Structures are given as C-alpha cells and as structure tokens.
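Add chain B to chain A, keeping to what the hints say.
Protein chains in written order, with the numbering used here: chain A, 1 to 399; chain B, 1 to 399.
By construction, these hints were calculated from the structure, which means they are not laboratory data.
One or more hints might be untrue.
Covered stretches of chain B (in silico footprint by chain A; criterion: 3 or more residues with CB under 8 Å from a CB of chain A, positions within the stretch not fixed) [what the hints assert, rightly or not]:
no.: 1; region: 59-69
no.: 2; region: 93-102
no.: 3; region: 109-118
no.: 4; region: 129-138
no.: 5; region: 193-206
no.: 6; region: 242-255
Subject to a maximum C-alpha distance of 20 Å in a straight line, what follows is the list of computed SDA-like cross-link-like pairs (lysine to any residue) [to be verified]:
no.: 7; chain 1: A; residue 1: Lys-253; chain 2: B; residue 2: Leu-9
no.: 8; chain 1: A; residue 1: Lys-28; chain 2: A; residue 2: Phe-343
no.: 9; chain 1: B; residue 1: Lys-222; chain 2: A; residue 2: Pro-2
no.: 10; chain 1: B; residue 1: Lys-378; chain 2: B; residue 2: Ser-348
no.: 11; chain 1: A; residue 1: Lys-163; chain 2: B; residue 2: Pro-112
no.: 12; chain 1: B; residue 1: Lys-59; chain 2: A; residue 2: Glu-294
no.: 13; chain 1: A; residue 1: Lys-193; chain 2: B; residue 2: Ser-3
no.: 14; chain 1: B; residue 1: Lys-253; chain 2: A; residue 2: Ile-4
no.: 15; chain 1: B; residue 1: Lys-59; chain 2: A; residue 2: Phe-288
no.: 16; chain 1: B; residue 1: Lys-27; chain 2: A; residue 2: Glu-70
no.: 17; chain 1: A; residue 1: Lys-194; chain 2: B; residue 2: Pro-2
As the structure is a computational prediction, the values presented were derived from the model and not from experiment.
Where is the CB? At the ideal position from N, CA and C, for every residue including glycine.
There are 2 protein chains.
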Amino acid sequence: MPSISERGLNTQASPIRKLVPFAEQAKKEGKHVYHLNIGQPDIKTPECALNAVRNYKGKVIEYSHSAGNESYRKGLAKYYNNIGIDITQNDIIITTGGSEAIQFGLLSCMNPGDEVIIPEPFYTNYNGFASAAGVVVKPITSSIESGFALPDIGEFEKLITDKTKAILICNPNNPTGYLYSKEEIIALGEIVKKHDLFLFADEVYREFVYDGLEHYSVMNLKEIEQNVVLMDSVSKRYSACGVRIGAFISKNKILIETALKFAQARLSPPSYGQILGEAALETPKAYFDEVYNEYIERRNFVIDALNKIDGVMAPNPKGAFYTVIKLPIDNSDRFCKWLLSDFSYKNSTVMLAPATGFYSSDKHGLDEVRIAYVLKIKDLKNAVEVLEEALKVYPGRTN
Amino acid sequence: MPSISERGLNTQASPIRKLVPFAEQAKKEGKHVYHLNIGQPDIKTPECALNAVRNYKGKVIEYSHSAGNESYRKGLAKYYNNIGIDITQNDIIITTGGSEAIQFGLLSCMNPGDEVIIPEPFYTNYNGFASAAGVVVKPITSSIESGFALPDIGEFEKLITDKTKAILICNPNNPTGYLYSKEEIIALGEIVKKHDLFLFADEVYREFVYDGLEHYSVMNLKEIEQNVVLMDSVSKRYSACGVRIGAFISKNKILIETALKFAQARLSPPSYGQILGEAALETPKAYFDEVYNEYIERRNFVIDALNKIDGVMAPNPKGAFYTVIKLPIDNSDRFCKWLLSDFSYKNSTVMLAPATGFYSSDKHGLDEVRIAYVLKIKDLKNAVEVLEEALKVYPGRTN
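Pulled out of the complex, with its shape left as it was, chain A reads as follows (with noise of 0.2 Å):
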C-alpha cells in the first residue's frame, strides 16, 4: 500500500475531535451533554434569509462567476461601505466559507516553507491549512492574566525572519472572545508596514461585540491597505454555519487576481448559499438586536457564574460568544475526556474544548478550556453547576 503523505500524517485532529466519541458514548450511556464546546449558534438563520432559497424559482442550479455572483458582491460592498470600509466589489471573491477565505491567502500570498505568525490560542483549524498550504505557524502567546491581549509587539519584532510573510489575527477573537482595540490594531499595522509584511484578519465575529465597544477593521489601516486580507463569514453573523459562504477581500489588486485563480480552478462558491447570503444583507436590524441580547445576557451569566466556581478564572470576553477560562486542573484534555467518560451530575455532563488545541506551543492551555456560550440561559445554568461539581470531584485537581 502507498504511503499518505507527510502533511496528511502530520496534521492533528483538534482535542475536541478526539473527545467526539466519547460523548457519542455518554449519550449512549442515558447521560444528556451540555455542549459548551462547539462554535455552532443556537440561534435561527434570518427568515429572510430562508425564504429566498425556499423561493428560489432557478429550474438549472448551475455554476456561478468564480468570484461569486456580482449582485451578491455588489450587496456585500454596500454592507461594508455602511460600517465605513471601502470597497467595491472588484475587491471581494465570495469564498466557500471564511475557511476558504484563509487557505486563499495562505496559498496567494505564502510560499511553502513561509511563516505566518499568529498569536496564541488560535483558532485551531489554522493548523490545519498552514499544513495544507506548507506554511509554517509561528505563534506568540498572549496571557489570559491580561485577558488574551495582543502580546507585546517586541514579541513580534523577536519572531520576524526573512521567513516571515505574514500575520494573522482573530477579531473579535475565536477562542478567547478577546476584541482588539483600535490601538492594537495600529500597532499590527507598523510592524506589518515596517516589515512589509502581508496582515490577515479573521473579522468573521465583527457583529458580536458587547459593552458599547466599537469593532475597529484592519480595512481602516489606509497606510497599509496594499498588504491588508481580510477575511469574512455569513456563519455566524446570520447564523448560517452550514451554507459555507465567506469572502476573500483586499484592495490589493494583484493578490486578488492570484486568489481568483485558485478560486476558478474550484469553479465557483455554492450557489444556494449565495441565494441566502444576499438575501440575509436584508435582515432587519430586529434581530441583530435580539441576538446580541441574548448573547450580552449570557455571557453577563457564564462569566459571573463561572468565577464564582472557587479555583475558576474567567476572564470577561469583550466579543465573540468564546472565554478561555482557567481551571484547577492537570490536563485539560484528560479532564474534558474524564467528564463524558466517568463523570456525571443528575445524569448530566458537559462538553468542552480542551484548550491545548489552540494553541501551538507545547503544554500550553494544560489548565485552561474554551467556553460556548452558544446555549440558552437555563441550559448554561445546568451546564457550569455539572462543572462545578466536576471540579470537586475530579482526581488531578491541582488546588
């Protein structure tokens, strides 16, 4: 039998794949799971949004432009001019999901053998496309002691080589529910310009931003909009995980010509999930409201609730709908496996994300777990007294 491939072998499954089965098992065992693990919103897809695939009246579902249709794209822009970011659709291409978005800039902009620098916890599917695309992650650890803030940008000045071709941030931040400030934000856009270096950002929780605070966009650094990606989602801005449409923009006029390459030789974005992010540019600002209220009040409760638990800090997350928090635990992969497995509280238990899978450094994230709080009200309330209990009775609790 021929051998797979050096690059199959060597990307990880995440922890929380590796935990799958043994909630499968807990479930078969009679015990519900509380999953506070999973990005995957509770909330409902716009009506809107539903109806125009439902009354979709196409009799050939058939291939879009590569870069996605021009309405959509024309849509789009107009979305991004209301929130003050400038551009026209000639600057996007409608990506297969923001997953797509990435592994476009990973591949246009990135030779193999090339480093991307991202700070730590990341999102772990990063890996999974730095490996795909032959790009080597260098990450940079932030402190859940200073609630996940960009790291000390001398930290970055360290980690640059001729190598270095690029910086990638989350913002708002998956895992850590961490939202940039504007000061931070100008501060990645010197090093990217002093270096000349390309600036990725992930802006798929832009909406999810809580306590009066503004989502400032790396589309705002004009000084540097040659080296600027940004990278897009409709998964969880209208709660349409599954239609897998993101889009790929910069003004940089070349990169977007060499993405749209790679995104012909795929031939277009699915055209369903087109049909419903257009019409989701329509949904009524109703119900962003609700969502974000419905957020605000959970996280208000998580975050209260869990640092109440004794040994627990969270640190309050200022978008997003993640925490990092820290436990008085080993290892966080056995704890999370030890709670599907051999735990339960009035046959309940609770899934989490060890956070050892966002971050790259070895025997980081051993004590700390990324928090959803993707469920209603009642359900986290359940959820952080399974965990509480947990606490008291796992066997490598530390303190």
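For chain B alone, coordinates are given in the frame of chain A:
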C-alpha cells in the same frame, strides 16, 4: 508591497478564462455568441431535488458532519452498490464539489515535489490543484488519431520515478469524451500495483456513456483497492453544478482518516447541496433516459456535422459531453480569440475552448479545440455553421 507567492504567480488562468473579456465585448457589440466552450449543461436539475431544498423546514442552517450527513452517505453508498461498487458510508467523504475531492487526494497522498502522471489532454483545473498542493504533473500525450485512447503502458513505465506517487485519470474523459475500456483500466491497475502507486479516478461523467458501452469503474480493481481513490460529483449527473457537492471515496481506511483531517479543517460541505444531493438519489429513471436521448442526439448531430467540414477531424466520443477536434488552423488560442473579436456570420459567432489549455506539454493542442455539446440541436446547428464559415476565411488557416 509584499510579494505574491510563487505558486500564485505560476498558476495559469486557463485559455478559456482569457477569452472571457473578448466574449463579453462581442456581446456588447450585439453579436450572438454560441457557447460551446463550457461544461455547464442546459439540462434541468431534477424536480425532486429542487423540491427538497424548497421544502426544507430547518430553522438554523447548521454545520453538518465534516464527512457529510450520514443519511446522505448511506443513500450514496446504496447508489454505488446498485451499480456494482461495494462500499459503505464509511468509505465516503462528501466534498465541496469534485474539485475538493481532487484536492483531498493530492494533499493526503502526495508530498510537495511528488509527481502525478496524467494522460493529456486533461481537465485544466488539475493544474491549479496540483500547483496549490505543490505536486508536479507529468503528462503523457494521447493522440487524436487513436481517438484519445489510453497511451501505451510502456509510456507510463518510462515516466515513473521514485517521485511518482499517483496516476490520475478522468473517465469518461473531459475534454476528449473518450471512455476507457475495461482492459485499459485493468492495465492501469497492473502498473499501479507493480509500482505501488495511488490510482485517482475522476468519474463524474459515469452516467454519460453511449453506444451500449459500459463504464468500468476503478472501484472494480479489487486487488488494488487500497490504492484506489474515486473522485465523484453530483454536478453533471443531476445538472446541479452550483450546489458544489462531490465525494472522495476509498476502501483505504487510513487514507479516509487522513482526508477527513483536511475535511475537518474546513468544517463541512454545503448543507443545501447535501439536501439536494440526497433527494436527487430518488431521481426517476425517466429523467436519465431523457438526458441520455438528448445527449446522444446532440453528439450524433455534432460529430457528423463537424466531420463534414473541410479539414476538420472529430473523433466520435463514447462518453461525457465533450469532444476534442482537429482544425486546419495555426494556433487555437489565436483562432478562438479571432472568432470572438474579428468574425461574425449572420451576426453570430462561437466560443470554443482552445485545446492548449488541456495539455501540459508545450505547443500541444495548437490545432485542436474542445467542443462541449451542451446546447440544443438547433443552436448546435447554427454554431457549427458559424464554425464552418469561419474556417473558410480565417487568416491563419493551414490547409
């Protein structure tokens, strides 16, 4: 401004893409353009498939399993079982189009610098995927004189080095319409076994086989089932190119596990497409009969009409809906551009695909073009007439 990646610069837009602006200009000038250049059929998507999407009652368009919905994979396994291919849902990963199945194959089986042998002319986009994966394409030229039959196995032997990791075929073939015989597939199996290679087969045109012939799938090669990967798609079978649903299929469990890691990184294939694909499995036989009759009529008409033109040679394709034909011209890129920019007959012209884009060897395909017979007979008739008149006056005519 930071530099674009080498793979980005080296990936060539296909010659068809380069013609698009000239086609747009021709239309602006009021010319009618017959599109014989594209693989977008004018056949309707089955009603049962369209209705499944229209009637979908889900309120949240969620991520699916990364390998695709289990119910769809089970249904798809049954489809294969019915055509004599012995697989289960666990041998299938639902992909974002056949395109992604090819990407998963290259990423999972091949290291950067490894070589894949492909008989040429071949589907242009294999180049883009190879470039993204850092894989080197080694072409073996098949000839129009033999109707684009499989090149002699000795030619494959000559090309095999310690870098060779796979052979990729498309059967029935895009762009040639050639259907590989059972004997040819078995011969490929033997060389694959001898050198322990992977055999990738793109069989997306499986249903388009004419003249009472039978399609012989690589999945029948039981002795090398661990080496075989089937790449499939619903695009052509159900005229649903825009849903972006395909499949990566292998009996090799380690390979499926490896490909699944890349599948997990991109989360899931499109939800609506899966709904359509699953419902399409119930497409009545009458639909395929109608499509078959339509295509065979088109093929018979177009091949006959083309061969009647002075200086034109059109082999009779046994599958798919393409044919590569030989024309008395100096340069197919120049001719195809000239058709759009400088020629019209009865205020019409025709857009063809220069065959240069289907060859990886230099200077091949200069006197060949691909015809996609995806138009109604009436339009095909007019298009062939335009071509005939054009050849009479083309300044670069060679004989």
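Evaluated hints:
| no. | hint | in the structure |
| --- | --- | --- |
| 1 | 59-69 | holds (count 6) |
| 2 | 93-102 | holds (count 4) |
| 3 | 109-118 | holds (count 5) |
| 4 | 129-138 | holds (count 4) |
| 5 | 193-206 | holds (count 3) |
| 6 | 242-255 | holds (count 6) |
| 7 | A:Lys-253 - B:Leu-9 | holds, 13 Å |
| 8 | A:Lys-28 - A:Phe-343 | holds, 14 Å |
| 9 | B:Lys-222 - A:Pro-2 | holds, 16 Å |
| 10 | B:Lys-378 - B:Ser-348 | holds, 14 Å |
| 11 | A:Lys-163 - B:Pro-112 | holds, 18 Å |
| 12 | B:Lys-59 - A:Glu-294 | holds, 17 Å |
| 13 | A:Lys-193 - B:Ser-3 | holds, 13 Å |
| 14 | B:Lys-253 - A:Ile-4 | holds, 11 Å |
| 15 | B:Lys-59 - A:Phe-288 | holds, 16 Å |
| 16 | B:Lys-27 - A:Glu-70 | holds, 18 Å |
| 17 | A:Lys-194 - B:Pro-2 | holds, 11 Å |
The structure agrees with every numbered hint stated previously.
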